[in-house]
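Same order as they appear, the protein sequences are chains A and B.
For the first sequence, position 6 matches number 6 in my numbering, and the numbering has no gaps at all.
For the second sequence, position 77 matches number 77 in my numbering, and the numbering has no gaps at all.
Please note that the accuracy of each hint is not assured.
With a straight-line Cα cutoff of 16 Å, these simulated EDC-like cross-link-like pairs (lysine to aspartate or glutamate) come out [stated by the list, open to error]:
hint, chain 1, residue 1, chain 2, residue 2
1, A, 101, B, 84
2, B, 42, A, 54
3, B, 68, B, 49
4, B, 71, B, 17
5, A, 101, B, 17
6, B, 98, A, 54
7, B, 98, A, 40
8, B, 103, A, 40
Because the hints were derived from the structure by calculation, they are not lab data.
Remember, predicted model here, so these are calculated numbers, not experimental data.
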Amino acid sequence: DSGVTQTPKHLITATGQRVTLRCSPRSGDLSVYWYQQSLDQGLQFLIQYYNGEERAKGNILERFSAQQFPDLHSELNLSSLELGDSALYFCASSVQGSNEKLFFGSGTQLSVL
Amino acid sequence: GESVGLHLPTLSVQEGDNSIINCAYSNSASDYFIWYKQESGKGPQFIIDIRSNMDKRQGQRVTVLLNKTVKHLSLQIAATQPGDSAVYFCAEAGSNYKLTFGKGTLLTVNP
């Protein structure tokens, strides 16, 4: 167990809908990361937060947004969902958020039908 | 019909043999490198990391080698066990904090 908690584990929804994925980092970690893993793209970095502020941005679509709250948990919001958004979404956390090991959660499997 | 997916390099070894998984990275400015193991249905699990001021680092049954000249990283697993069967990812990071993952290698250990 990495100490990173993600909910829900599975999510099935329809195209055009909006969903929210939730992540609680390891105790003491200030930085949260979101990654998308699909069969044809591998692990793609989406976005990173450090202590409530956005620190780095990757290949995140405009339909997607995230935030980190004062208690350090994070949410990833996916809207206007398309079939191609079906993937595993991982949250990871680290202590300082700069070139150190990340601890990953178990992921949320999103299926858009 | 044939499914389109990520065609991972694969490595098949016998139990007890040593395994070597290779990774080429792209950014010469990267100064931090890390190996992860991902088992089916689970999130990536940290194995070992190395910074650019080192060329070798050892852990329990694992060794990471870094060759900055040719931008190459390798993971050596000693006495490979069936429980080592998984997809192994290398990742690199530089000053932009973003950890970029490689495509992964599927390791299969035959008993």
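So, going through the hints one by one against the coordinates:
no. : hint           : result
1   : A:101 <-> B:84 : violated, 20 Å
2   : B:42 <-> A:54  : violated, 26 Å
3   : B:68 <-> B:49  : holds, 15 Å
4   : B:71 <-> B:17  : violated, 26 Å
5   : A:101 <-> B:17 : violated, 28 Å
6   : B:98 <-> A:54  : holds, 12 Å
7   : B:98 <-> A:40  : violated, 20 Å
8   : B:103 <-> A:40 : holds, 10 Å
Hint check: violations occur at hints 1, 2, 4, 5, 7; the rest are consistent with the structure.
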